[in-house]
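Given next are the chains, with one letter for each unit.
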Amino acid sequence: MGSFIKKDLFLFLRDRKELVVALLLPIVIIFVLNLAFDGLFDSNEEATLDIHLALVNQDNQEKVTESLQEKLIEEGSFDEMEATAIAEQASYADPVEALANFLESEDLQNWVTIHDLDETEAIDQVEQGEIDGMLVIPNDFTVESLYAAFTGEPPAVSLAYKMEEETANNGTMYDIINGFIDNLNYQFAMQQIAGSNEVEVVQPQGGVEQLGEGETFTMSQYFTLAMGILFALFLSITVAAKTGEEIRQQVFDRILVTNSHPMLFLIGKMVSTFILAWLQISIVFGLAHLILDVFPGRSLDFWLGVAVITLLFALAVAGLAAVFTSIALQMHNIDAANGVFNVIAMVLAVLGGNFVPIYVFPDWMQRVSEWTPNGLTLSMMMEWLQYQQVSSLIMPSLMLVGFFVLCTLVGLAMYPKRGGAK
Amino acid sequence: MLETINVSKSFKGKKAVQDVNLYLDRGESVGLLGPNGAGKSTTISMISTLIKPTSGEIKLNGVNTVNKPADIRRVLGVVPQELALYQELSAYENLKFFGSIYKLKGKELENSIQHALEIVGLKDRQKDLVKTFSGGMKRRVNIAAALLHKPQILILDEPTVGIDPQSRSHILETVRSLNETDGTTILYTSHYMEEVEQLCDRVYIMDHGEVIAAGSKAELLSILSSEDTIKLELSMIDELFVEKIKKLEGVRKVETASSQLKVIAKKGSNLISELVYLADSHQIQLLNFQTESPSLEDVFLHLTGRTLRD
Chain A
1 MGSFIKKDLF LFLRDRKELV VALLLPIVII FVLNLAFDGL FDSNEEATLD IHLALVNQDN
61 QEKVTESLQE KLIEEGSFDE MEATAIAEQA SYADPVEALA NFLESEDLQN WVTIHDLDET
121 EAIDQVEQGE IDGMLVIPND FTVESLYAAF TGEPPAVSLA YKMEEETANN GTMYDIINGF
181 IDNLNYQFAM QQIAGSNEVE VVQPQGGVEQ LGEGETFTMS QYFTLAMGIL FALFLSITVA
241 AKTGEEIRQQ VFDRILVTNS HPMLFLIGKM VSTFILAWLQ ISIVFGLAHL ILDVFPGRSL
301 DFWLGVAVIT LLFALAVAGL AAVFTSIALQ MHNIDAANGV FNVIAMVLAV LGGNFVPIYV
361 FPDWMQRVSE WTPNGLTLSM MMEWLQYQQV SSLIMPSLML VGFFVLCTLV GLAMYPKRGG
421 AK
Chain B
1 MLETINVSKS FKGKKAVQDV NLYLDRGESV GLLGPNGAGK STTISMISTL IKPTSGEIKL
61 NGVNTVNKPA DIRRVLGVVP QELALYQELS AYENLKFFGS IYKLKGKELE NSIQHALEIV
121 GLKDRQKDLV KTFSGGMKRR VNIAAALLHK PQILILDEPT VGIDPQSRSH ILETVRSLNE
181 TDGTTILYTS HYMEEVEQLC DRVYIMDHGE VIAAGSKAEL LSILSSEDTI KLELSMIDEL
241 FVEKIKKLEG VRKVETASSQ LKVIAKKGSN LISELVYLAD SHQIQLLNFQ TESPSLEDVF
301 LHLTGRTLRD
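These protein sequence lines map, in sequence, to chains A and B.
Residue 63 in the working numbering is what sits at position 63 of the first sequence, and the numbering runs on without skipping anything.
Residue 41 in the working numbering is what sits at position 41 of the second sequence, and the numbering runs on without skipping anything.
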């Protein structure tokens, strides 16, 4: 067995063309992509955000309880007792205060500056570009939003976010406010179901969730992971192609006339593929980090996690190599076989998000992606990169091991009997 | 020691080899002669257990090995027609790999490698990558890889195809030495008649998947013992002149090739004076002539109506 593994490792390492493709090409591509997309999609840009927001409060917050009670009786067909109870319950909630607290929260205050202005001043400053946008809290916002929340009807008035031109800052701010409103509505709904007599408005997570709980990832990190995984995936084809050469040159026949077990040939291929795939990804990640500082300031735990995920993926690639090798041994035309393997790998690469970031795909494609070994590995890497939670890796790890077992069984089943190789 | 009894092989209903009977005694050197497509490689593949015969038996020391291939593999060394080597590995690494899958280890493996390299004369170049070798050197490594486990029977399938005369001579000398000095039984296939003539005690001639003649060289040549071959080199060849030769008494066949004429006639026909006279009467200058004893090539031609390289 050791001889087969050593032989395959030597053959790969002596093949300069393969080495360039396996090690140099991904680094070059990562470098080029890094240059091309630098600052375009980079999530680092949140560090440079400096949003100036005008808050225009036109809400009449006096006699909210009374107004709400009246509205509930007149428009909501509640009797007086019910209306009184609801209004009393609603008096604990103040959506405007919750919004103000949110906008001045620690999470936002580093990059959002709030200016309390009247509407005319706010419009003026927005038009002059001194302020990015204005958030208008319309008259009766509190009463209307509480009424809507307790009756389940759509609110008659809503917050208005106005901007002069669409910028990244404005887009981000708009998303964050929307997130806040969604969360607020959710909290009201939950309160109704629970029947609590106190509305506790929890600070929304929404758009600031990533800042608070996990690390963000950059495009260069994404491309490094995607390319490392992609090129390791192609290793399974390289191994199968080398099998084709061994058949063509009758080396395979020479091996068969020794008394060694034919399966050793296949198992040797799998083990060497596993070692090569793991080494390849590790070297690509390592070099990318050394050259481009892709993963700055990461802990040893992070790197250990990456090593484990890489090992699991290398196992999956070894399984794929077993299937491809067995198919190569059955095919009359090894060039046609290589063509088929390349098509399969390309489909896996596209579905797995190795060419285009997976989160730009529609939902159904993202779900399909997680059934490909490369897509699953990429999502594990991204998860690990952001949250470093071991628990989130357990299920995908089992799936990768399952993929390896399945492929190995298929490879063994398809492996030709003596004299069956073409 | 090794025999095939009525061995046949069909591929998709088409018979590639039919009822082949071979016998190799211990220490013998046997040739398997035939043109491309005669069925030699298929026969060898069956003996070396790469493919199973459709019918028939392959016996090693009287025991059928068709369903027990491990026995024959232990004593068999096979030199395939192709260069069955890893080009990216050195000669030493190739031999180490093949030696280790023959389950040789440690010192025994190292000694076997060095011995095999010595036999093929490549000890000095053992660390060089095979891809840097000449065609002849690659062929020699190809042979060395089959010698590592010291096989009792060595099968060589066209081991000198496409190499320079010096390497060819080296390989032939190696094979002779293995047979005569080490006592290795040799089954040598080739379509180079002169190699088989030079190396083998007995010859099987195959054509269209069948053995069409077998025996020692003398036995095979005796098939043509009733004929004389006269080769003439002429200044020109005239059709009328050729026709007149064909009509001479005792002439069985006349072959022409550029300015050469080959006349096969009944033994003792004494045609030389008549040929000289005919050439003179057609004003054709006779540049050279020689009488020849028949070769295995002639035997093959006689049996099949075509040459080995057709």
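Simulated from the structure, these hints should not be mistaken for laboratory data.
The beta carbon of each residue, even a glycine, is placed where N, CA and C say it ideally should be.
Don't take each hint at face value.
In silico DSS-like cross-links for lysine-lysine, where the CA-CA straight-line distance does not exceed 25 Å [claimed, not checked]: (1) B:Lys107 with A:Lys6; (2) B:Lys217 with B:Lys244; (3) A:Lys6 with B:Lys266; (4) A:Lys6 with B:Lys103.
Far from chain B by the CB rule (all over 12 Å, computed), these chain A residues [unchecked claim]: (5) Ser77; (6) Ser105; (7) Leu264; (8) Ser299.
Non-interface claim for Leu264 of chain A, where every Cβ of chain B lies beyond 12 Å: violated, 8 Å
Distance restraint between Lys107 of chain B and Lys6 of chain A, which requires alpha-carbon spacing of 25 Å or less: Status holds; Cα separation ~19 Å.
Reported absence of Ser299 of chain A from the contact zone with chain B (all CB gaps over 12 Å): holds, 40 Å
Straight-line alpha-carbon gap Lys217 of chain B to Lys244 of chain B, limit 25 Å: violated, 34 Å
Hint consistency between Lys6 of chain A and Lys266 of chain B [alpha-carbon to alpha-carbon, up to 25 Å]: Violated. Lys6 of chain A to Lys266 of chain B sits at ~65 Å, over the 25 Å cutoff.
Given hint Lys103 of chain B paired with Lys6 of chain A - CA-CA distance at most 25 Å: Since the Cα atoms of Lys6 of chain A and Lys103 of chain B sit roughly 15 Å apart, the hinted pair holds (cutoff 25 Å).
Assertion that Ser77 of chain A lies outside the chain B interface [Cβ separation over 12 Å]: holds, 86 Å
Interface-negative label, Ser105 of chain A against chain B, beta-carbon threshold 12 Å: Per Cβ check, Ser105 of chain A is outside 12 Å of chain B; nearest 63 Å; holds.
The structure shown violates the earlier hints numbered 2, 3, 7.
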